[in-house]
Amino acid sequence: MPTTLAPVSIAELTEVAKRVRAHIVQMVFDAQSGHPGGSLSAVELGVALFWNHLRCDPANPEWPDRDRFILSKGHATPFYYGLLAERGYFSPELLRGFRTLGSPLQGHPSMGAVPGIEMSSGSLGQGLSFAIGHALSGQLDGRDFRCWVMMGDGELNEGQVWEAAQAVPHFGLGDRVIAMVDRNGIQNDGFGDDIMKINPPEMWRGFGWHVIECDGHDMAAVDQALAEAERSHDRPRVVVAHTVKGRGVNYMENNPSFHGKAPTREQLEDALAQIAGGLK
Amino acid sequence: MTAAAAPAAATREAYPVALAELVEQGVDVVALDADLSASTMGYQFGAKYPERWHSVGIAEANMVGIAAGYAATGKTAFVASFASFLPGRCFDQLRTSVAQPKGGLNVKCVASHGGVTVGEDGASAQAIEDLALITSLIPFDVVVPADFESAKQAIVAVGKTTRPAYVRTGRPKIPALYDAAYRFELGKANVLRAGSDVTLIACGILVQAAVDAAELLAGQGISARVIDMATIKPIDRDSVLAAARETGAIVTAEEHQTHGGLGTAVARVLAETLPTPISFVGVDRYGTSGKWDELLKYFELTPDRLVAAAKDVIARKR
Numbered sequence: 001m002p003t004t005l006a007p008v009s010i011a012e013l014t015e016v017a018k019r020v021r022a023h024i025v026q027m028v029f030d031a032q033s034g035h036p037g038g039s040l041s042a043v044e045l046g047v048a049l050f051w052n053h054l055r056c057d058p059a060n061p062e063w064p065d066r067d068r069f070i071l072s073k074g075h076a077t078p079f080y081y082g083l084l085a086e087r088g089y090f091s092p093e094l095l096r097g098f099r100t101l102g103s104p105l106q107g108h109p110s111m112g113a114v115p116g117i118e119m120s121s122g123s124l125g126q127g128l129s130f131a132i133g134h135a136l137s138g139q140l141d142g143r144d145f146r147c148w149v150m151m152g153d154g155e156l157n158e159g160q161v162w163e164a165a166q167a168v169p170h171f172g173l174g175d176r177v178i179a180m181v182d183r184n185g186i187q188n189d190g191f192g193d194d195i196m197k198i199n200p201p202e203m204w205r206g207f208g209w210h211v212i213e214c215d216g217h218d219m220a221a222v223d224q225a226l227a228e229a230e231r232s233h234d235r236p237r238v239v240v241a242h243t244v245k246g247r248g249v250n251y252m253e254n255n256p257s258f259h260g261k262a263p264t265r266e267q268l269e270d271a272l273a274q275i276a277g278g279l280k
Numbered sequence: 001m002t003a004a005a006a007p008a009a010a011t012r013e014a015y016p017v018a019l020a021e022l023v024e025q026g027v028d029v030v031a032l033d034a035d036l037s038a039s040t041m042g043y044q045f046g047a048k049y050p051e052r053w054h055s056v057g058i059a060e061a062n063m064v065g066i067a068a069g070y071a072a073t074g075k076t077a078f079v080a081s082f083a084s085f086l087p088g089r090c091f092d093q094l095r096t097s098v099a100q101p102k103g104g105l106n107v108k109c110v111a112s113h114g115g116v117t118v119g120e121d122g123a124s125a126q127a128i129e130d131l132a133l134i135t136s137l138i139p140f141d142v143v144v145p146a147d148f149e150s151a152k153q154a155i156v157a158v159g160k161t162t163r164p165a166y167v168r169t170g171r172p173k174i175p176a177l178y179d180a181a182y183r184f185e186l187g188k189a190n191v192l193r194a195g196s197d198v199t200l201i202a203c204g205i206l207v208q209a210a211v212d213a214a215e216l217l218a219g220q221g222i223s224a225r226v227i228d229m230a231t232i233k234p235i236d237r238d239s240v241l242a243a244a245r246e247t248g249a250i251v252t253a254e255e256h257q258t259h260g261g262l263g264t265a266v267a268r269v270l271a272e273t274l275p276t277p278i279s280f281v282g283v284d285r286y287g288t289s290g291k292w293d294e295l296l297k298y299f300e301l302t303p304d305r306l307v308a309a310a311k312d313v314i315a316r317k318r
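Heads up: the protein sequence lines correspond to chains Y and A, in order. All residue numbers for the first sequence refer to my numbering, where the first residue is 1 and numbers rise by one. All residue numbers for the second sequence refer to my numbering, where the first residue is 1 and numbers rise by one.
Just so you know, the hints here were simulated from the structure itself, not pulled from any lab data. Among the hints, a few may not be true.
[To be verified] Stretch by stretch, here's where chain A covers chain Y in the computed footprint (C-beta under 8 Å, at least three residues):
| no. | region |
| --- | --- |
| 1 | 132 to 139 |
| 2 | 152 to 163 |
| 3 | 254 to 268 |
[As the list claims (entries may be wrong)] Facing chain Y, from chain A, some residues (calculated, C-beta under 8 Å):
| no. | residue |
| --- | --- |
| 4 | 54 |
| 5 | 59 |
| 6 | 68 |
| 7 | 73 |
| 8 | 100 |
| 9 | 101 |
| 10 | 220 |
| 11 | 223 |
Every residue, glycine too, gets a C-beta built ideally from N, C-alpha and C.
Based on the provided sequences and hints, a complete structural model is requested.
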């Protein structure tokens with residue numbers, strides 16, 4: 001098992017991102033439920049991470065030295081399952097059962113249901129704490145894996161995030177725990193600025209973190225930001241990716257109603273055509 | 001099986017002793033505290049095994065999440081706090097991060113200062129809901145030991161399973177009921193006294209009250225069986241049903257509200273299989289400050305109350 005990854009080109013990553021986006025809209029259409037908006041916003045972060053930064057072996061998902069990817073914003077399962085399938089953790093065929101009785105692909109991730117799911121999530125705010133436990137265990141056992149935690153910006157409303165944020169520098173886990181925030185500006189009830197206006201970079205800095213901001217849909221910029229997050233620093237690193245909810249499908253972009261709504265058949269066909277054409 | 005000669009000790013004092021015993025037996029234990037380690041006694045384990053213990057500050061939700069992450073890597077992860085905060089401040093974390101994944105991650109809660117005998121701190125610190133909350137989490141074993149020896153053995157016993165568990169300990173130093181010859185068995189009741197007219201089923205500090213009540217009842221010609229039902233979940237159905245068949249009347253006693261704790265668990269067994277008159281002794285109002293033994297009287301968690309409950313339930317026998 002390689003401990004460093006052979007870098008994949010931005011052009012290739014961009015093609016993978018198209019396939020993940022297509023999975024997202026198809027799965028939500030098939031299920032006629034799910035969360036497309038916050039899935040589409042996370043695609044570049046997830047693809048750049050899984051292909052160029054996360055040391056993993058889909059054929060050996062329990063490898064003890066693997067890097068962990070912890071999806072704390074658990075509603076983004078269309079993104080997560082699409083990503084795992086594309087990366088080879090399980091067959092894309094399985095995606096067709098999303099959110100249906102008998103499928104392991106529940107609406108929110110269930111740890112162990114399919115390879116690659118490190119944590120049960122869905123109740124927001126819990127992923128960073130879980131990652132700290134993994135990281136402390138790695139420290140105790142002399143393993144050097146990293147834990148990458150993906151959170152939403154609305155999720156940062158949850159107090160537990162900040163309990164965990166203060167603990168990462170306290171325990172000296174900056175080289176073991178890396179946080180990522182999908183800053184798409186929309187949460188369940190609407191625009192974050194109306195619901196609970198926050199300033200994530202300032203908040204993280206206040207808790208002792210080094211903040212790396214990037215355009216979350218510029219694959220090269222995301223790839224660079226993740227590379228910077230891997231480099232040692234006297235503070236733990238958080239990547240705040242500025243994203244657009246629903247990115248890649250024009251009628252979903254920046255549209256709060258597609259936080260948790262499925263497209264119609266016509267909308268699906270439109271979405272798939274737009275996705276095939278790439279981000280505009 | 002009794003050991004009146006052993007010195008009084010608090011059940012919470014058993015926690016670090018049991019953790020060290022688990023480590024010495026090769027269990028890969030880690031333990032976390034949330035700024036109450038001087039009270040949960042977790043600091044003593046931390047002093048002995050600093051690499052296996054962390055203080056997370058006053059942050060119970062984060063503590064449980066960290067423990068879940070630890071458990072996901074194969075560790076046996078203990079968390080400790082007051083029973084008013086654990087599970088009260090971290091119930092959702094116990095549910096989503098511990099109880100649900102893979103049928104339950106290997107996280108053990110040892111909640112000290114259970115019940116009203118926390119004493120002077122008053123109502124906010126007096127946990128009378130913790131058992132109701134924690135028994136609702138499907139994979140959890142739930143144990144309320146009656147003295148130091150049984151607490152030590154109970155913590156060791158849950159530490160050897162891979163299921164999540166909750167052990168409730170107490171603040172005051174209380175007389176020993178058991179000596180080292182006692183063998184605690186998870187899920188098994190212990191009959192402390194034989195009896196044929198009524199059965200007193202108790203847990204925690206009220207086991208001693210039940211023993212004392214049985215003595216008082218004997219003086220009045222009533223033969224009371226006494227059961228230490230340390231494990232509330234899974235409850236020892238056979239022991240409950242034998243008591244129902246053989247004595248025909250049940251009193252439960254717990255330092256907890258009568259909803260959702262020991263009494264509820266016993267009543268369910270009876271209702272399903274052998275409906276039997278039952279009387280519940282517990283705490284159904286919020287507390288106040290006082291010395292722990294004063295509070296036991298204030299809340300009528302006393303042998304006299306158990307005697308009255310026994311007579312009431314005997315009168316209701318069919």
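Quick rundown of the hints versus the structure:
no.	hint	in the structure
1	132 to 139	holds (count 7)
2	152 to 163	holds (count 3)
3	254 to 268	violated (count 0)
4	54	holds (7 Å)
5	59	holds (4 Å)
6	68	holds (6 Å)
7	73	holds (4 Å)
8	100	holds (5 Å)
9	101	holds (4 Å)
10	220	violated (53 Å)
11	223	violated (51 Å)
Hint compliance for this structure: hints 3, 10 and 11 are not met, and every other hint is.
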